Amino acid sequence: MGKGSSKGKAARVRRSALAAVAAMALAGGCAIRDTGSAEVWDPLEVPNRFIFSINQAVDTIAIRPVSVLYRDWMPKPAQRSVHHAVENLGEPVTAINDAVQGNAHQAATSMARFLVNSTLGVAGLFDVASSFGLKKSDNDAGQTIGYYAGVEPENGGFYLVLPLIGPSNARDAVGLVADAAIDPFGLAIYNLSSSTAYWIYAGTRYGVTVLDTRVRTMTALDDLQRNSLDYYAALRSAYTQRRAEQIRQKKEKTDTRAELERRDNLALVR
Amino acid sequence: MPSFVHRRIMLRLAAGAAVMAVVMPGLAVGQAAADQDPAAQLIQQTAARVIELIKTRTGEAREAGIRQVLESDFDLDYMGRSALGVHWNQATPEQRKRFLKAAASAEAHAYAERFGRYGGQTLTVGRVTKRSNGVSIVDSKLNQSDGEPIAIQWEVRNTGQGPRIVDVKIEGVSMVMTRRSDFNSYIQNHDGKVEPLIDELEARAKR
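If you read the protein sequences in the order shown, they are chains A and B. Note that our numbering has the first sequence beginning at 1, numbered continuously upward. Note that our numbering has the second sequence beginning at 271, numbered continuously upward.
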C-alpha cells in the first residue's frame with residue numbers, strides 16, 4: 001500500500017512537473033516576441049496604424065507646408081513670441097499639476113511665471129519670468145497620473161494614435177481630457193460667454209499650438225522618419241521613452257527634495 | 271558646567287572639521303575625477319573633433335571626416351547588435367556579418383547628418399555615473415541660442431580598444447532603443463525573418 005501510494009505520488013509529481021514545463025513553454029512562447037526590452041503594449045495596432053497614416057497624409061498635405069512657410073517667413077522673434085504666448089496660456093494648468101504632484105515650490109513658480117509674463121511680458125509674448133530666474137516646468141495631467149500610478153513610467157497603458165494630435169496612450173489621453181477640463185481660460189469663456197465662444201477659443205489656441213509644435217519638432221521628426229524603417233514603430237518608441245523620462249524626472253525631483261528635507265530636519269535636531 | 275559646554279563645543283567643531291575634511295577632498299577629487307574620467311574625456315574629444323570638422327570642411331570631406339570620428343569613437347558593431355536584439359540569435363553568421371555592415375553604414379550616415387546640422391551650439395559635459403558592468407553614463411547639455419538646453423546622455427563602454435560610445439539619449443529618448451523597436455517591428459511585419467531587414471538596410475546604404 002505504502003509503495004503504491006508513493007509510486008502514485010511520484011507519478012503525480014512527474015505529471016505536475018510536466019505541466020509546469022508545458023506552462024513555461026507556453027509562456028516562453030510569448031518570450032519569442034521579447035526583444036530584450038519591453039515593447040510598447042499596442043493591442044490596437046491596426047486602427048492605430050490607420051489613424052497614423054491619415055495623420056501623415058494630413059500632415060504632408062496641409063500642416064507641414066504651412067509650418068515650413070511659417071518657419072521660413074515669420075521673423076524669428078515673432079515665432080518666439082507666439083511660442084511664449086501659447087506656453088503662457090498653459091501655465092495655470094501646469095501650476096495645478098505641479099501642486100497636485102506635491103511640488104508646491106514649482107507650483108508657486110509657475111503661477112508667478114504666469115503673472116509676470118502676462119503683465120510685464122505683455123500677455124505672455126515675452127518670457128520675462130525666465131530672466132527673473134523663475135524656472136519653467138513642463139507638467140501636464142498625463143505626467144500627474146504617471147507620477148501617482150504604481151507602475152514604471154514606461155507603462156502608460158495601451159498605445160494610442162489620436163487623430164491630428166498624434167502619438168499618445170491611455171494615460172496621456174486621459175491627461176489631455178483632464179487638462180482641457182480644468183483649463184481656467186476655457187472654463188471662464190465657457191461659463192461667462194457661450195459654448196460657441198469656447199470652441200472658437202479652443203480651436204484657435206489648438207491651431208496655433210499645432211503650428212508652433214510642428215515647427216519645433218520638425219527637425220527631430222524628419223530625422224526619425226528618414227532614419228527608420230518603420231516610422232510608426234520608431235515614433236511609438238520615442239514617444240513612450242520621452243514621456244517616461246518626463247515622469248521619471250518628476251519622481252526623482254521628489255526623492256531629491258525628500259532627501260534634502262530629511263537632511264534639513266536632521267540639522268535641526270541636535 | 272563651563273568645562274562641559276566647552277568640551278561639547280570642541281567636540282562639535284571637531285566633528286564638523288572631520289566632516290569637512292572628508293567631504294572637501296571628495297568634492298575636489300570628484301571634480302578632478304570628472305575632468306579626468308576617460309568617458310567624459312571621450313565625449314569632450316568627440317565634440318571637439320566634430321566642431322573642428324564642421325568649421326573647416328564642407329560637403330563630402332565633412333561627411334567622410336565625421337564618419338571617421340564615428341568609427342573611432344562609437345562602437346557601431348555593438349550598437350548594431352544591440353539594435354537587433356533577440357533576433358541576433360536566429361541570424362546566421364553570414365547574415366550577422368551583412369547586417370553589421372549595413373547597420374553600421376546606416377548608423378554612420380544618420381549621425382553624420384545629425385552632426386552636420388550642428389550650428390555652433392556648445393556642449394557642456396557634466397557628471398559621469400559609473401555602472402557596474404564597465405559602462406559609464408555621461409550627462410551633458412547642448413546649449414542652444416534660443417530655448418532650453420537639451421539634455422544629452424552618452425553611454426560609454428570599455429571595449430578592448432578603449433572607451434567607446436554605445437548609445438546617445440536625447441531628452442531621455444535612446445537612439446538604440448528606438449532603433450531596436452523599429453527593427454523589431456519591421457522583422458515582425460515580415461514573418462519574423464531577418465533577411466528582409468538586411469536587404470532593406472543594404473538598399474538604403476546604397477542610396
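Source of the hints: derived by calculation from the structure; they are not laboratory data. Please read all numbers here as calculations on a predicted model, not as lab measurements. Just so you know, even glycine gets a beta-carbon here, dropped at the ideal spot from N, CA and C. Watch out, some of these pointers could steer you wrong.
Stated by the list, open to error - Quick list of in silico lysine-lysine cross-link-like pairs, DSS-like style, CA-CA up to 25 Å:
#, chain 1, residue 1, chain 2, residue 2
1, A, K253, A, K136
2, B, K439, A, K251
3, B, K439, A, K136
4, A, K135, B, K371
5, B, K411, B, K400
6, A, K253, B, K371
Stated by the list, open to error - Quick list of simulated restraints, FRET-style, between CB atoms:
#, chain 1, residue 1, chain 2, residue 2, range
7, A, R263, B, A475, 52 to 58 Å
8, B, T394, A, K253, 27 to 33 Å
9, A, V68, B, E383, 45 to 51 Å
Hint check:
1. K253(A) <-> K136(A): Judged against 25 Å, a Cα distance of about 14 Å means the pair holds.
2. K439(B) <-> K251(A): The hint holds at about 19 Å.
3. K439(B) <-> K136(A): 22 Å, holds
4. K135(A) <-> K371(B): Distance of about 46 Å is beyond 25 Å: violated.
5. K411(B) <-> K400(B): 18 Å, holds
6. K253(A) <-> K371(B): 42 Å, violated
7. R263(A) <-> A475(B): 52 to 58 Å: Once the Cβ atoms are compared, 54 Å apart, the range 52 to 58 Å for A475(B) and R263(A) holds.
8. T394(B) <-> K253(A): 27 to 33 Å: 21 Å, violated
9. V68(A) <-> E383(B): 45 to 51 Å: Because 19 Å falls outside the window, the suggested range is violated.
Of the numbered hints given earlier, the model fails hints 4, 6, 8, 9; all others are met.
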